[in-house]
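Build the full structure now, drawing on both the sequences and the hints.
What follows is the residue order along each chain.
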Amino acid sequence: MNTLIKLKHLSKRFGDLEVLKDINIDIKEGEVICVIGPSGSGKSTMLRCINQLETPSGGEIIYDNKNVTSGEIALRDMREEVGMVFQRFNLFPMKTVLENVMLAPVLTKKKDKQEAKKIGMELLDKVGLSSKANVYPKTLSGGQQQRVAIARALAMEPRALLFDEPTSALDPELVGDVLEVMRDLAKNGMTMVVVTHEMGFARDVCDRVIFMADGYIVEEGDPKDVFTNPKEERTKAFLSRVLKN
Amino acid sequence: MDLSFLGVLLPMLFKGLRVTLLVAVLGILFGFILGAIAGFSLECNKKILKFLANIYIWIIRGTPLIVQALYVYFVIPKITGIDLSSIVAGVIVISLNSGAFIAEIVRGALDEIDPGQKEAGLSLGLTATQTMIHIIVPPAFRSMLPALFNQFIISVKDTALLSVIVVNEITKQIQNYAALSFKTIEAYTTGAIFYLFLISVLIIIQKQVERKVMA
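Top to bottom, those sequences are chains C and E. Take any residue in the first sequence, note its place counting from 1, add 598, and you have its number in our numbering. Take any residue in the second sequence, note its place counting from 1, add 25, and you have its number in our numbering.
Think of the hints as simulated: they come from the structure by calculation, not from any bench. Please note that a few of the clues may not be correct.
Under the rule of at most 30 Å between Cα atoms (straight-line distance), these lysine-lysine pairs were calculated in the BS3-like manner [unchecked claim]: (1) C:K693 to E:K237; (2) E:K143 to C:K736; (3) C:K730 to E:K143; (4) C:K834 to C:K626; (5) C:K715 to E:K237; (6) C:K724 to C:K736; (7) C:K736 to E:K232; (8) E:K143 to C:K693; (9) E:K143 to C:K709; (10) C:K626 to E:K143; (11) C:K716 to E:K143; (12) C:K664 to E:K143; (13) C:K730 to C:K707; (14) E:K237 to C:K730; (15) E:K143 to C:K715; (16) C:K730 to C:K708; (17) C:K604 to C:K664; (18) C:K724 to E:K143; (19) C:K707 to E:K143; (20) C:K785 to C:K707; (21) C:K693 to C:K715; (22) E:K143 to C:K711; (23) C:K785 to C:K842; (24) C:K724 to C:K626; (25) E:K237 to C:K736; (26) C:K619 to E:K143; (27) C:K693 to E:K232; (28) C:K604 to C:K619; (29) C:K606 to C:K822; (30) C:K707 to C:K626; (31) C:K626 to C:K606; (32) C:K708 to E:K143; (33) E:K182 to E:K208; (34) E:K208 to C:K604; (35) E:K143 to C:K606; (36) C:K724 to C:K709; (37) E:K72 to E:K143.
Quick caveat, the model's predicted, so the values are computed rather than measured.
Here's what the structure looks like:
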């Protein structure tokens with residue numbers, strides 16, 4: 599499998615605070631990577647550095663063999679192909695569900711409105727929300743909003759999707775529907791990097807799990823190994839705490 | 026009580042009302058354009074634009090409207106050699122003045138928008154400009170409408186000060202009538218009631234607008 603995204607010696611500091619230290623990750627095409635770790639470990643910052651919603655302080659990001667940090671590929675071109683799903687959904691409140699999904703393809707890919715609408719409806723159908731196409735986001739539950747956000751990201755026909763704690767802001771009973779959609783995507787070969795606290799999802803769906811703490815990658819590997827037989831003390835301590843609940 | 030003076034005064038007040046509304050409406054429109062430019066400048070990363078916007082707001086907020094009016098009407102023509110009619114000068118003054126306050130309204134509305142909205146736009150591959158136009162501005166504009174209308178009401182009242190540069194708005198008409206008829210009590214009392222009525226109507230419209238916006 600080809601490497602789609604490569605993080606080389608990535609670092610990030612906010613003032614004196616170093617939140618990412620020498621991060622190296624190869625994300626292969628079709629791979630599903632879950633990033634776990636305690637709050638403040640830098641996992642969301644790492645994810646946000648990939649599409650540069652946070653500008654890295656050092657290191658390189660290589661996308662599709664092109665260096666993003668040195669400008670071999672325009673950041674915007676990469677963003678068109680690498681979608682993002684946020685913890686707080688970030689749907690556009692003054693646009694209907696369908697308009698949310700159609701907006702980016704029409705603006706960036708100059709897609710014909712009718713075509714974008716057709717694709718939008720198909721995607722909403724895929725996430726089980728075609729009946730909500732013409733309502734505004736605020737009338738939806740959190741889980742529904744997150745599924746719309748996933749459809750919105752998919753409308754760009756991305757080659758990879760970044761998920762930043764996609765279920766953390768949801769009521770527990772709404773988590774399942776969102777994870778279901780993500781499982782489907784994973785099954786169909788979407789390249790995904792998922793920052794999550796959902797250990798079940800990480801164990802069952804991921805190809806690889808990365809455990810971060812204090813801005814470092816402490817341990818990574820096959821989820822079965824990491825969950826059942828973690829090598830590092832930090833990982834053991836973290837897992838025993840979260841898996842107890 | 027003899028109300029026959031209204032036969033002369035009321036037509037004058039309505040003539041003044043036309044001028045007042047003309048100056049206030051044009052003033053708030055140009056003021057909105059100025060305020061939007063200044064407000065966006067305050068929010069952008071370009072230090073020079075931020076600096077210029079701050080200077081503009083500082084000057085306007087730091088001087089009385091009446092001084093601004095006298096300056097535009099008497100001093101600008103002396104410097105530039107361009108004579109301004111009193112109405113044009115009035116529109117310029119109200120535009121400059123309301124623009125400075127609208128800049129703060131615009132800045133506040135932009136500040137209120139969740140940064141996640143911008144991130145969502147950028148992460149979808151939109152340019153910064155597309156994100157601004159399609160994602161940030163529509164909700165920001167909606168949230169600033171009540172404050173903009175409030176500024177319009179303030180500008181309507183501010184036009185009264187333009188009487189010093191002979192703009193024939195409501196206050197000037199009241200002064201004219203008082204000077205001609207010597208009916209000072211009648212002139213200013215009727216004038217004040219006329220303003221009260223006008224502003225009340227605007228406040229009722231504002232409430233309607235607010236209700237629509239909040240819905």
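Structure-based check of all given hints:
Restraint check for C:K693 and E:K237: the C-alpha separation of about 17 Å stays at or below 30 Å, so the hint holds. With a C-alpha separation of about 18 Å, the suggested pairing of E:K143 with C:K736 holds against the 30 Å cut-off. For the suggested pair C:K730 and E:K143, the alpha carbons sit about 24 Å apart, so the restraint of at most 30 Å is met. Proximity of C:K834 to C:K626 is assessed by CA-CA distance (about 27 Å); at most 30 Å being required, the pair is judged to hold.
Restraint check for C:K715 and E:K237: the C-alpha separation of about 29 Å stays at or below 30 Å, so the hint holds. At roughly 21 Å between alpha-carbon atoms, C:K724 and C:K736 fall within 30 Å of each other, so this suggested pair holds. Of the supplied pair hints, the one linking C:K736 and E:K232 holds, its CA atoms being roughly 24 Å apart against a limit of 30 Å. Between E:K143 and C:K693 the CA atoms are separated by roughly 15 Å; this keeps the pair inside 30 Å, and the hint holds.
Proposed proximity of E:K143 and C:K709 is supported: the alpha carbons are some 22 Å apart, at most 30 Å. With a CA separation close to 29 Å, the supplied pair C:K626 and E:K143 stays within the 30 Å bound. The hinted pair formed by C:K716 and E:K143 meets the criterion: a straight-line CA distance of about 26 Å does not exceed 30 Å. A distance of roughly 26 Å separates the Cα atoms of C:K664 and E:K143; the hinted pair therefore holds under the 30 Å criterion.
Only pairs whose Cα atoms come within 30 Å are accepted, and C:K730 paired with C:K707 is accepted, the gap being roughly 25 Å. For the hint linking E:K237 to C:K730, the alpha-carbon distance of about 24 Å falls within 30 Å, and the restraint holds. A C-alpha spacing of about 23 Å is found between E:K143 and C:K715, which places the hinted pair at or below 30 Å, so the restraint holds. Between the alpha carbons of C:K730 and C:K708 the distance comes to roughly 25 Å, so the proposed pair stays at or under 30 Å and holds.
With a CA separation close to 10 Å, the supplied pair C:K604 and C:K664 stays within the 30 Å bound. At most 30 Å may separate the alpha-carbon atoms for a hinted pair to count; C:K724 and E:K143 meet this at roughly 26 Å. Using a Cα cut-off of 30 Å, the hinted pair C:K707 and E:K143 holds, with the two alpha carbons roughly 19 Å apart. Only pairs whose Cα atoms come within 30 Å are accepted, and C:K785 paired with C:K707 is accepted, the gap being roughly 27 Å.
At most 30 Å may separate the alpha-carbon atoms for a hinted pair to count; C:K693 and C:K715 meet this at roughly 14 Å. Only pairs whose Cα atoms come within 30 Å are accepted, and E:K143 paired with C:K711 is accepted, the gap being roughly 23 Å. Among the hinted pairs, C:K785 with C:K842 is consistent with the structure: their alpha-carbon atoms are about 28 Å apart, no more than 30 Å. The straight-line distance between the Cα atoms of C:K724 and C:K626 is roughly 25 Å, inside the 30 Å bound, and the hint therefore holds.
Pair hint E:K237 plus C:K736 holds up; C-alpha atoms about 17 Å apart against a cutoff of 30 Å. Distance hint between C:K619 and E:K143 is fulfilled; the C-alpha atoms sit about 27 Å from each other, no more than 30 Å. For the suggested pair C:K693 and E:K232, the alpha carbons sit about 25 Å apart, so the restraint of at most 30 Å is met. For a cut-off of 30 Å, the pair hint linking C:K604 to C:K619 stands: about 15 Å separates their Cα positions.
A distance of roughly 26 Å separates the Cα atoms of C:K606 and C:K822; the hinted pair therefore holds under the 30 Å criterion. A hinted pair counts as satisfied when its Cα atoms are at most 30 Å apart, and C:K707 with C:K626 qualifies at roughly 25 Å. A hinted pair counts as satisfied when its Cα atoms are at most 30 Å apart, and C:K626 with C:K606 qualifies at roughly 14 Å. Pair hint C:K708 plus E:K143 holds up; C-alpha atoms about 20 Å apart against a cutoff of 30 Å.
A distance of roughly 23 Å separates the Cα atoms of E:K182 and E:K208; the hinted pair therefore holds under the 30 Å criterion. For the hint linking E:K208 to C:K604, the alpha-carbon distance of about 86 Å lies beyond 30 Å, and the restraint is violated. Annotation: proposed proximity of E:K143 to C:K606 holds, straight-line Cα distance about 27 Å (limit 30 Å). For a cut-off of 30 Å, the pair hint linking C:K724 to C:K709 stands: about 20 Å separates their Cα positions.
With a CA separation close to 21 Å, the supplied pair E:K72 and E:K143 stays within the 30 Å bound.
Hint check: a violation occurs at hint 34 only; the rest are consistent with the structure.
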